[in-house]
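Novice: Residues per chain are reported as follows:
There are 2 protein chains.
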Amino acid sequence: MNGPEIERLIQLLGRLPGLGPRSARRVALHLLKKREVLMQPLSAALADAARAIRPCSICGNLDTVDPCSICADPRRDTGLICIVEDIGDLWAMERGKVFNGRYHVLGGSLSALDGIGPDELNIGSLLRRVQEGDVREIIVATNATVDGQTTAHYLADRLADTKVPLTRLAHGVPVGGELDWLDEGTLATAFKARRAL
Amino acid sequence: MNGPEIERLIQLLGRLPGLGPRSARRVALHLLKKREVLMQPLSAALADAARAIRPCSICGNLDTVDPCSICADPRRDTGLICIVEDIGDLWAMERGKVFNGRYHVLGGSLSALDGIGPDELNIGSLLRRVQEGDVREIIVATNATVDGQTTAHYLADRLADTKVPLTRLAHGVPVGGELDWLDEGTLATAFKARRAL
Chain W
7 MNGPEIERLI QLLGRLPGLG PRSARRVALH LLKKREVLMQ PLSAALADAA RAIRPCSICG
67 NLDTVDPCSI CADPRRDTGL ICIVEDIGDL WAMERGKVFN GRYHVLGGSL SALDGIGPDE
127 LNIGSLLRRV QEGDVREIIV ATNATVDGQT TAHYLADRLA DTKVPLTRLA HGVPVGGELD
187 WLDEGTLATA FKARRAL
Chain G
7 MNGPEIERLI QLLGRLPGLG PRSARRVALH LLKKREVLMQ PLSAALADAA RAIRPCSICG
67 NLDTVDPCSI CADPRRDTGL ICIVEDIGDL WAMERGKVFN GRYHVLGGSL SALDGIGPDE
127 LNIGSLLRRV QEGDVREIIV ATNATVDGQT TAHYLADRLA DTKVPLTRLA HGVPVGGELD
187 WLDEGTLATA FKARRAL
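So the sequences go chain by chain: W and G. Read in order, the letters of the first sequence are residues 7 to 203 in the working numbering. Read in order, the letters of the second sequence are residues 7 to 203 in the working numbering.
Incorrect hints may have been included.
Copies of the same chain look alike in the list, so a pair counts if it works inside one copy or between any two.
Capping the alpha-carbon separation at 30 angstroms, the derived lysine-lysine pairs in DSS-like fashion look like this [what the hints assert, rightly or not]:
no., residue 1, residue 2
1, K103, K169
2, K103, K39
3, K103, K40
4, K103, K198
5, K198, K169
In short, the hints are calculated from the structure, not lab data.
Please model the complete structure; the sequences and the hints are all you need to start from.
Specialist: Written out as structure tokens, the structure reads:
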């Protein structure tokens with residue numbers, strides 16, 4: 007019923023995460039109504055970002071410069087490496103402003119089910135970084151899922167020879183979380199890891 | 007923490023309906039990872055649609071041709087006009103495939119609160135269409151809200167002189183709806199308008 011340009015736009019919008027066919031139509035209509043203030047700027051922003059974006063040759067982060075702005079920042083501690091599965095995890099850590107070292111993005115986690123082995127992840131470059139650099143501590147911040155924990159153990163094996171101390175994020179009750187809503191695994195872990203008040 | 011191109015993209019995505027700052031970041035990350043299969047095509051589709059789109063001079067629909075593909079379709083009945091508030095309503099009617107006439111998009115509803123009077127809506131062009139054309143029936147399909155019903159009554163007044171029969175959509179229980187979840191107003195209307203089984 008619409009022109010092919012509109013149908014194509016709706017179809018592409020529907021492939022974005024969190025947007026189904028219905029919300030894609032809603033977004034498309036909103037864009038069509040705000041052609042000058044939103045649609046054209048968004049098109050340009052997408053083209054600009056697509057043109058400028060490149061993976062960081064050191065850590066695997068995506069940025070418009072290589073090395074990325076985190077790896078290139080002289081104020082950040084080069085002795086600390088935080089290993090994350092995905093760029094989204096890196097963004098989450100940065101939002102939390104808890105870490106002042108550098109990252110290493112694996113690009114996923116080991117998964118027998120999805121056929122992802124060590125060769126599919128950025129592990130070779132990690133080992134080179136640790137061997138070449140002056141690294142004091144490696145924080146393994148993979149997800150607390152089965153795949154994430156498998157990956158963490160695999161990395162611990164591979165990094166054992168380097169003698170660099172490895173740490174992982176603490177498990178426990180999320181801040182602001184209610185006990186009633188927590189799963190038993192988290193509760194048991196938090197109980198075992200209890201600390202003096 | 008990210009380059010300005012990425013931050014600008016996240017900011018623009020966050021202005022789409024249904025996307026908050028968190029989901030805008032998620033969408034941006036997804037796009038950055040699928041640069042060639044999604045990001046560049048979406049940028050091009052937005053630019054193409056923004057360039058091609060124009061309002062239909064007859065009904066107010068947005069399409070890539072003027073008159074729009076509905077007004078230009080010779081298989082559609084020119085004697086029926088369905089008045090809708092918004093293009094989204096027109097799309098909904100077309101999805102339902104219930105109507106084979108033509109539309110008239112008001113561009114909103116009368117609203118004292120939002121300061122929208124008759125002059126802000128496409129009412130002049132509607133009156134001209136009805137006076138000039140050979141119209142057998144006008145279906146007023148404004149929303150079943152207070153503003154929508156006010157608009158419907160206003161239109162009925164303005165169109166009274168043309169002697170064209172006016173109808174409105176039936177109110178009642180939505181198909182698939184459960185009585186327990188319905189508001190009292192709908193239930194009372196459905197009861198009053200009950201029909202022989």
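Novice: Indicate, hint by hint, whether the structure satisfies it.
Specialist: Here is what the structure says about each hint:
no., hint, verdict
1, K103 x K169, "within (28 angstroms within a copy, 69 angstroms between copies)"
2, K103 x K39, "between (38 angstroms within a copy, 24 angstroms between copies)"
3, K103 x K40, "between (35 angstroms within a copy, 27 angstroms between copies)"
4, K103 x K198, "within (28 angstroms within a copy, 61 angstroms between copies)"
5, K198 x K169, "within (28 angstroms within a copy, 81 angstroms between copies)"
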